[in-house]
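Asks: Here the protein sequences line up with chains A and B, keeping their order.
Residue numbers for the first sequence follow my numbering, so the first one is 1 and each next one is one higher.
Residue numbers for the second sequence follow my numbering, so the first one is 1 and each next one is one higher.
Read the hints as simulated data drawn from the structure, not as lab findings.
Note that CB positions come from ideal geometry on N, CA and C, so glycine has one too.
Take these hints with a grain of salt, some might be off.
Looking from chain B toward chain A, a few residues come up when the C-beta cut is under 10 Å (computed) [what the hints assert, rightly or not]:
{"no.": "1", "residue": "S53"}
{"no.": "2", "residue": "E152"}
{"no.": "3", "residue": "V153"}
{"no.": "4", "residue": "D156"}
{"no.": "5", "residue": "P271"}
{"no.": "6", "residue": "P278"}
{"no.": "7", "residue": "A282"}
{"no.": "8", "residue": "F284"}
{"no.": "9", "residue": "L305"}
{"no.": "10", "residue": "L367"}
{"no.": "11", "residue": "L394"}
Sample of chain B residues facing chain A (criterion: CB under 8 Å; computed from the structure) [said to hold, decoys possible]:
{"no.": "12", "residue": "D186"}
{"no.": "13", "residue": "R216"}
{"no.": "14", "residue": "R219"}
{"no.": "15", "residue": "A225"}
{"no.": "16", "residue": "L228"}
{"no.": "17", "residue": "S266"}
{"no.": "18", "residue": "A268"}
{"no.": "19", "residue": "A272"}
{"no.": "20", "residue": "H359"}
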Amino acid sequence: MRIAVLLSAGRHPVSGAAVLPRLEAQAIRIAAGLGTPVGLHAGPDAAAVADALGQGLSRIAHVALPEGADPVPVLAASLRAMAPDLVLAGRRGQGGDESGIVPYALAAALGLPLIADVVAVAPGEAAGTLRLDQSLGRGALRRVVVRGPVVATVHPDAPAPLAYAFGQARRGVIEPVAAIVPAGPAAAPAAVEERPYRRRPKLVKGAPTGGSAAERLKAATGEAGAAASGRLLVDPDPDEAAREILAYLRGIGVLAPPSPRPNP
Amino acid sequence: MTRPRRDPRAERAAIQVAAGPRPRFDRSARAAGGRPRRDPRPERAGQRVPGASRPRYDLSQVVPAQALRGEVAVAAEARQPAAAKILVVEDPAFLVAVVPDAAGGRLSPHDRQVLGAARVLAGREGGILVVSVGPCEACGPAGADRHLALGEVGTDPDERAARVAAALAVASPRHVLFPESLDGGDLARRVAVRMGVPLFDNAEVVAAGGLVRPARGRRVEQRAAPGLLASVAPDAVADYAGPPREARPLAHDLPPAAEPASTILSVARIPADPATVPLSLAEFVASAGNGIRDLDTFRQLVAALHATPGASRVLCDAGLMPRHTQVGASGTVLAATCYFALGISGAPQHLQGVAGCEHVVAVNTDLHAAMIERAGLAIVQDAQAVMPALLRLLAREKQEAGEGS
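Please take these sequences and the hints and turn them into a complete structure.
Replies: Here you go:
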């Protein structure tokens, strides 16, 4: 199976140093379980993604692009030439605009289906199909069977990345690839104003709109809501207590009601 | 202009109560003639709007003091909060569309926040249009003026995006807002690529003057005037809090989508297995503390309740429960909907781990334990006695359900 992993020049969330985004390292791990993946990076400098060689890639194709140019036409042309069965990318970039739009634009340019937020990929039962597990949050999954080729983005709940291997990073090669199509013109600077980030007060759940500071404090410490109107049973009969607990759990919907089993 | 002269003796004689050897007077009766004396405190209390969290007064109404004293019959409904009137925007100046996730036909809390954000953009004269794929109930109380329900589509997200994009092209709203959730963010990007319009994603501040989103690992924030497409971050904007709106259903005559055959062969939902899901992702956690001696019964109970097992620090330190089940500051901070604490008194470090849980059920022998104070349902009883009772009750229900089928 031919697999391409899209690599981006990320920034570390704390130090700001150039680093391979964790999501892409996780994508490499998913791809390494299926075949021999090839990295693909479009950008001014390939050194930014050299870490990916130590995470399990043996080869990275690098398309030189000027800073700020639109990578989608170049990546689409390179992927058409490679014709992979699976293209993996992180769900968001890291350290840039973090809009997560590139995989979608790429899938539209290639005319491929896109499956978002994947945590596991396996070959399907029929030939030429792939079975992808999409994360729905809270551990729930959606299992999608697709006839390839397909573009998939990786969710943070995917298995942790492989350990960095220094020898592998030394042996791996970065191949410069000439851009097949001219780089698109640099995206017109949108009317976006940038300022240093300012943290905003978090919305306190359960606090009434327009309420006082005391009410927000109560809501934040859990003294409002369910706890404020809490029921207290002192020394009930254990069976009575059990009935109360089950009724409460069913009332808030975490326990299924006792329904008769469906007839076979 | 002379006032009639008062005769105090006659007034006193008039209010004398007849019975009894000692003279008694009924001073509660109002003095005959003259203006009744005002009592500002009950008048003020009568103007208080019931139900509001902060004291709010409706100064337009003057409740006469006699009414407050019960001398004049007041219509009962006058004191009740009036049934909220449905607000109708007959001819909105422009539309702000909201595309909610609406999983299962119900708005999620995040969808409600997006509707609140849409009201900020719509202001007084704009209208909010909810474009839902499939049915969506209770849009009106959440703040929608119009509701366009598209027919259910198949499992292909591209097909869904095509339907939404077609509906938006017909409705031509000024702004379109999506929730930045897993499915909502996916749909927003598909629609943006399909329409060829930039998407302002993950907006944390929504105001008519501009949207703000974090970028570069939250080092900078980007501010731009509201464009056509935007998605709203979770827990960033407050819900709509005004009176309910009409959510007038709109008819649509969209041509059936002429999409190429989908390459998605099958889609199946796999629910999370509570026994193996990580504690930080679990929805329902049942936790054991030092008040539990019989851990086998606890494990049976956890399996019967379909909960994820947790434990306090004491049990993990003693090696009775695995370390990865520890709840609290040095263990896992939960994001569960419900936390069921058995025999846990609630040390502050443990309560930190539970702070995000919406509902807490506690069973403990100590009436004054912090966990009993925190719980929505608190039971002061030995957890060792309650656990077998719960198991018996669950087994009986299962048996009855089995016989009923």
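Asks: Any of the earlier hints contradicted here, and which numbers?
Replies: Hints 2, 3, 16 are the ones this structure does not satisfy, whereas the remaining hints hold.
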